[in-house]
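Participant: Sequence:
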Amino acid sequence: MQCSTCCRMCSGRGGVVACVALLAWFALPTATTLFAAGFGIARADVILVPIILAALGLIGLGLWLGVRTHGRAEPFMVGIVGSAATIFGLLVWPPIVVLGFVTVAGAIGMSQHYLRAGR
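The sequence shown: position 12 = 26 (this note's numbering), numbered continuously.
Mixed in with the good hints, there may be bad ones.
Claimed, not checked - Across the chosen pairs, the derived CB separations fall in these ranges:
hint : residue 1 : residue 2 : range
1    : Gly-85    : Val-106   : 28 to 38 Å
2    : Arg-130   : Ala-68    : 23 to 33 Å
3    : Pro-109   : Gly-132   : 29 to 39 Å
4    : Val-106   : Leu-37    : 17 to 27 Å
5    : Trp-107   : Gly-132   : 29 to 39 Å
6    : Gly-71    : Pro-108   : 17 to 27 Å
7    : Val-60    : Ala-131   : 35 to 45 Å
8    : Ala-68    : Pro-108   : 17 to 27 Å
9    : Glu-88    : Val-60    : 29 to 39 Å
10   : Gly-85    : Pro-109   : 12 to 22 Å
11   : Cys-33    : Met-91    : 16 to 26 Å
12   : Val-30    : Val-60    : 19 to 29 Å
No lab work stands behind these hints: they were computed from the structure. Backbone N, C-alpha and C fix where the C-beta goes; we use that ideal spot for every residue, glycine too.
Let the sequences and hints guide you as you build the complete structure.
Facilitator: The following block contains the structure:
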């Protein structure tokens with residue numbers, strides 16, 4: 015398997031997992047309200063945050079493999095900043111999570127662009 019294929023798989027799968035986990039995390043206030051009302055929905059906060067962190071790690075691995083393939087470090091650095099903003103937003107304020115994840119998605123797109131341009 016070529017490194018560019020591995021980069022696409024790590025970034026793509028990590029992005030999908032992070033997106034689904036973040037969407038579920040944003041739905042938590044509704045789930046918490048239902049839990050408080052007695053509908054028996056368990057709090058998923060304890061499960062989703064580690065999944066988001068693992069997905070961001072997988073995305074970081076994919077971006078690092080992209081650096082090794084196309085030789086441009088910009089997507090990796092932008093991804094690190096976006097991941098840090100996402101993690102900070104999980105702790106502080108949900109809109110920062112959105113901005114951080116959009117930044118990570120932009121880094122994935124930039125890395126894919128460099129991979130395609132390098133062929």
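Participant: Take the hints in turn and mark each one as holding or not.
Facilitator: Each hint tested on the structure:
1. Checked against the hint of 28 to 38 Å, the C-beta distance between Gly-85 and Val-106 comes to roughly 35 Å, which is consistent with it.
2. Range check, Arg-130 to Ala-68: Cβ separation about 27 Å, and the 23 to 33 Å hint holds.
3. Under the hint 29 to 39 Å, the C-beta atoms of Pro-109 and Gly-132, about 35 Å apart, fit the expected range.
4. At roughly 19 Å, the beta-carbon separation of Val-106 and Leu-37 lies within the given 17 to 27 Å, and the hint holds.
5. Hint check: Trp-107 to Gly-132, Cβ distance near 38 Å, so the stated range 29 to 39 Å holds.
6. Distance hint check: the CB atoms of Gly-71 and Pro-108 are about 21 Å apart, consistent with the given range 17 to 27 Å.
7. Between Val-60 and Ala-131 the beta carbon distance is about 42 Å. The supplied range of 35 to 45 Å therefore holds.
8. A C-beta distance of roughly 20 Å is found between Ala-68 and Pro-108, which places it inside the suggested range of 17 to 27 Å.
9. At roughly 35 Å, the beta-carbon separation of Glu-88 and Val-60 lies within the given 29 to 39 Å, and the hint holds.
10. Taking 12 to 22 Å as the suggested C-beta distance range, the pair Gly-85 and Pro-109 does not conform, at roughly 34 Å.
11. At about 21 Å, the CB distance of Cys-33 to Met-91 agrees with the hint of 16 to 26 Å.
12. At roughly 22 Å, the beta carbons of Val-30 and Val-60 sit within the given window of 19 to 29 Å.
This entry does not satisfy hint 10, going by the numbered hints stated previously; all others are met.
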